[in-house]
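Using the sequences provided together with the hints, build the complete structure.
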Amino acid sequence: MNHTNTLTPNRFDVCMNQLLSAFDPKNWAKQMIVPIIAILVFLMLWSAGARQVHTSLGAFPGPTKVWEQAIALWEEHKVEQKKAAAFYQRLQKRIDKAIAAGKPEAKIERLRQRKYTGNETFIDQIVTSLITVSTGFLLASLIAIPIGIVIGMNNTLYSAFNPIIQLLKPVSPLAWLPLVTMVVSAVYVSSDPLFSKSFLTSAITVTLCCLWPTIINTSVGVAGVNKDLINVSRVLRLGWLTKTLKIVLPSSIPMMFTGLRLSLGIGWMVLIAAEMLAQNPGLGKFVWDEFQNGSSNSLARIMVAVIVIGFIGFLLDRGMLSLQKIISWDKHAILR
Amino acid sequence: MNKYLEIDHVGITFPTDKGPLTVLDGVNIKVEQGEFVSLIGHSGCGKSTVLNIIAGLLQATQGGVVLEGKEVDEPGPDRAVVFQNHSLMPWLSVYDNVRLAVDQVFKQTKSKQERHEWTLHNLELVHMSHALDRKPDEISGGMKQRVGIARALAMEPKVLLMDEPFGALDSLTRTHMQDSLMEIQASLNNTVIMITHDVDEAVLLSDRIVMMTNGPSAKVGEILSIDLPRPRDRLALAENPTYNHYRAEVVRFLHERHLQKTPDHGKPEKKAQKDEETEAANPAECTLRLVS
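So the protein lines, in turn, are chains A and B.
Heads up: the first sequence begins at 1 in our numbering, then just goes up one per residue.
Heads up: the second sequence begins at 1 in our numbering, then just goes up one per residue.
Calculated directly from the structure, the hints in this document are not laboratory data.
Using N, Cα and C, we set each Cβ at its ideal position, and we do this for glycine too.
Wrong hints could be hidden among the right ones.
Listing some non-contacts, in silico: residues in chain A with all C-beta distances to chain B over 10 Å [to be verified]:
1. Val66
2. Ser159
3. Met182
4. Val232
5. Leu236
6. Gly265
7. Gly319
Label-pair ranges, simulated between beta-carbon atoms [what the hints assert, rightly or not]:
8. B:Lys112 - A:Gln279: 54 to 62 Å
9. A:Val34 - B:Gly141: 51 to 59 Å
10. A:Pro35 - B:Lys112: 47 to 55 Å
Derived list of chain A stretches under chain B, where covered just means 3 residues or more per stretch with a C-beta under 8 Å from a C-beta of chain B [as the list claims (entries may be wrong)]:
11. 142 to 156
12. 224 to 231
In C-alpha cells form, the structure reads like this:
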C-alpha cells in the first residue's frame, strides 16, 4: 500500500513536469543556446581576424568599433532630428509674425513651403531604400503576376515568352543601370518632378531584375493546376474569369509566393548596387559615400550598413513568409 | 422508342508515338431513366474513357452519346462527375466547395437564400452537415468523397457519373459509402453510371452491370441485369443464392478475360495460381472453378 501511495504522486509529478517543461523558459534557452554560441564564436573570429587586416584606413573594424559607430550613427540621427524640429519651430514663429504684420498671403505661403534641408541621416537612408525597393518590387509584381498567369495558361504564349525570359533573367543590374538612367533622363522630363530621377532609376532597375523569378514561378504554378480540378471547372462550365479566380489563382498561390520571395531577395540585393551608381539617397549611397569619404571610421560605418542590409533582407523575407502564411490556403507547406 | 441515355457505337482513337491506338471500338450502352448501371472490366480496358466521353471531357472519334435526344459534345453540369480522388478545391471549405457548384448551376434560377439552403440540403443528404467549415485537408477520405457526391448531386444532374468513387477508400468506409449511396439513390432516383473494380459493389448497387472486354479496342462484353428487390441489404444478400449467382457470373466473365490476357504477360500458370489464392476466399468462386 505504502509503495503505491508514494508512487502515484510521483508519477503525477513526472507528468506535470513534462507538461510544464514544454512551456519552461529553460527549454527556450536550450533551443537558443546553439545559435547564441555560434554568434559568439563568429564575433570572436571576426574580432581576431579583423586585427590582422591593415588597410590604408587603419585596421579592419572589429565588432566593438562597429558597435560604436552604430551608436554614433543613431546619435547623429537624433541630433539631426532636433535640428529639424528647431528649424520648424523658428519657421512657425516667422509665419506667425508675418501674419500678425499683415504680410501678403503669397509671401506667407512661400514660408510655409520651406523644407528643412539638413543632412540625410543613416535612418533616413534606410527609409529611402525601403521605399525604393518596395516601389520596384510592387511594380515588378504587378507586371510579373499577370504575365505569369497568362503564359502559364497558354502553351503558345509560354513558348513565345520563354526564350526572352531565359535570356533576360541572368542579366546583371549593373548592365541595366546605364540604359535605365539614360531612358529615365530622356523620358521623365518634368519641371516639378514628383520623384527624383535617381529614385526612378533605382526602382526601375530593381523592377527589371526581380520580374523573372515571379514570372517563372507563377507560370509553373498556373500550368501545374491539378487536371481533375480543371475537369471540375469544365463540368461546371465555369467562365474564364471564374475559373482563373476560383481555381487557377488559389492553386498557384504557393508557387507564386516562392517567386515573390525570390524576387524580393534579388530586389534588395540589386537595390544596393543600383543606389550606389544612381546616387539614390539610400543605403547604397551611404556605403559609396563612406567609401569615398575615407575617414578612419568609414570602414566601421560601412560594416554597420552591411549588417543592417543583411538584417533588413532577413526581415523582408520573413515578412513575405508571414504574408504567405496568411494568404495561402496550404498551411501544411514547409515554409522556411 | 429512344432510351434516356444512349451510348451509340462509340469509338475513340488516340494518336501515340507508335501510331494510332484504338481504345474503344463500337461501345453500345442504353440506359433508362433512374437506372443504376455499373461498368466493370480489367484495368486499362477503357472504362474511364467511356465515362469521360459521356461527361464530354473527351470527344469520341466514332459514334456519339445522346442524352434525352440531344447529342453530348461538351462537359456540363447535367452530367455531373464524381471523381475517384474527390477533386475538391483544397482552399475552399466543405460548404464553399458545394456552394461553388450551386452558384454556378443555379445562378439564374435560384435566389441567394435558396442556393444557401440547397447547398445545406445536399450536404445533409450525405451526412456532412457537421463539417461545413472544414477544409478538405481536415476531413477523412470518406468524408471528402461524400462532399464530392454532394457537389455532384447539387448540380441536379440528369446522369450522375461516378469514376471508381470508393476505390481509394478502406473497405469499412467503402461499405458505409455504398449504403449511403443506395439510400440516396432510393430517395432521389438518379440515373447513375458508375465505374468499379469491385464485384460486390457492382452487384449490390446496380440494376445492370456492363462488363467490358479488355483493351485495346474494348467493347461491351456482356450485360447482366440484376433482378434483386430494393432496398437491398448486404447482410441478407450475402446468403442469397441469386446474389451469389450474379457475383459468380461477373467473376467468371472477368476471370475468362483475365485468362485470355495472360499469355501476353508470360508466366501464365503462376499468375493464374496467384489469382486462385486470392479469390478462393469466397465459396461461390470455388464451386465455380470446380465446375468450369
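Check: Do Pro35 (chain A) and Lys112 (chain B) keep their Cβ atoms within the hinted range of 47 to 55 Å?
Finding: 54 Å, holds
Note to self: Quick check: does the Cβ-Cβ distance between Val34 (chain A) and Gly141 (chain B) fall within 51 to 59 Å?
What the structure shows: For Val34 (chain A) and Gly141 (chain B) the Cβ distance comes to about 41 Å; the hint is violated.
Checklist line | Val66 (chain A) non-interfacial with respect to chain B [C-beta, more than 10 Å] | finding: Non-interface label stands for Val66 (chain A): nearest chain B Cβ at 46 Å, farther than 10 Å.
Checklist line | Reported absence of Val232 (chain A) from the contact zone with chain B (all CB gaps over 10 Å) | finding: Contrary to the label, Val232 (chain A) does not stay out of reach of chain B, its closest Cβ about 5 Å off (not over 10 Å).
Next item on the list: Verify that the Cβ of Gly265 (chain A) lies farther than 10 Å from every Cβ atom of chain B, and report whether the claim holds or is violated.
Entry: 26 Å, holds
Checklist line | Status of Ser159 (chain A), Cβ more than 10 Å from any chain B Cβ | finding: 20 Å, holds
Next item on the list: Verify that the Cβ of Leu236 (chain A) lies farther than 10 Å from every Cβ atom of chain B, and report whether the claim holds or is violated.
Entry: Incorrect as stated: the minimum Cβ-Cβ distance to chain B is 5 Å, not above 10 Å.
Next item on the list: Classify the label on Gly319 (chain A) as holds or violated, using whether its beta-carbon is more than 10 Å from each beta-carbon of chain B.
Entry: 22 Å, holds
Item checked: Coverage assertion for the segment 142 to 156 of chain A with respect to chain B, Cβ distance below 8 Å, three residues required -> n = 0 at 8 Å, threshold three: violated.
Check: Does the claim that Met182 (chain A) lies outside the interface with chain B hold up, using a Cβ gap greater than 10 Å?
Finding: 46 Å, holds
Margin query: The hint says 54 to 62 Å between Lys112 (chain B) and Gln279 (chain A); measuring C-beta to C-beta, is that right?
Written below: 58 Å, holds
Next item on the list: Count the residues of the segment 224 to 231 of chain A whose CB lies closer than 8 Å to any CB of chain B, then report whether that count reaches three.
Entry: Since 4 is at least three, the answer is holds.
In this structure, the hints that do not hold are numbers 4, 5, 9 and 11, in rising order.
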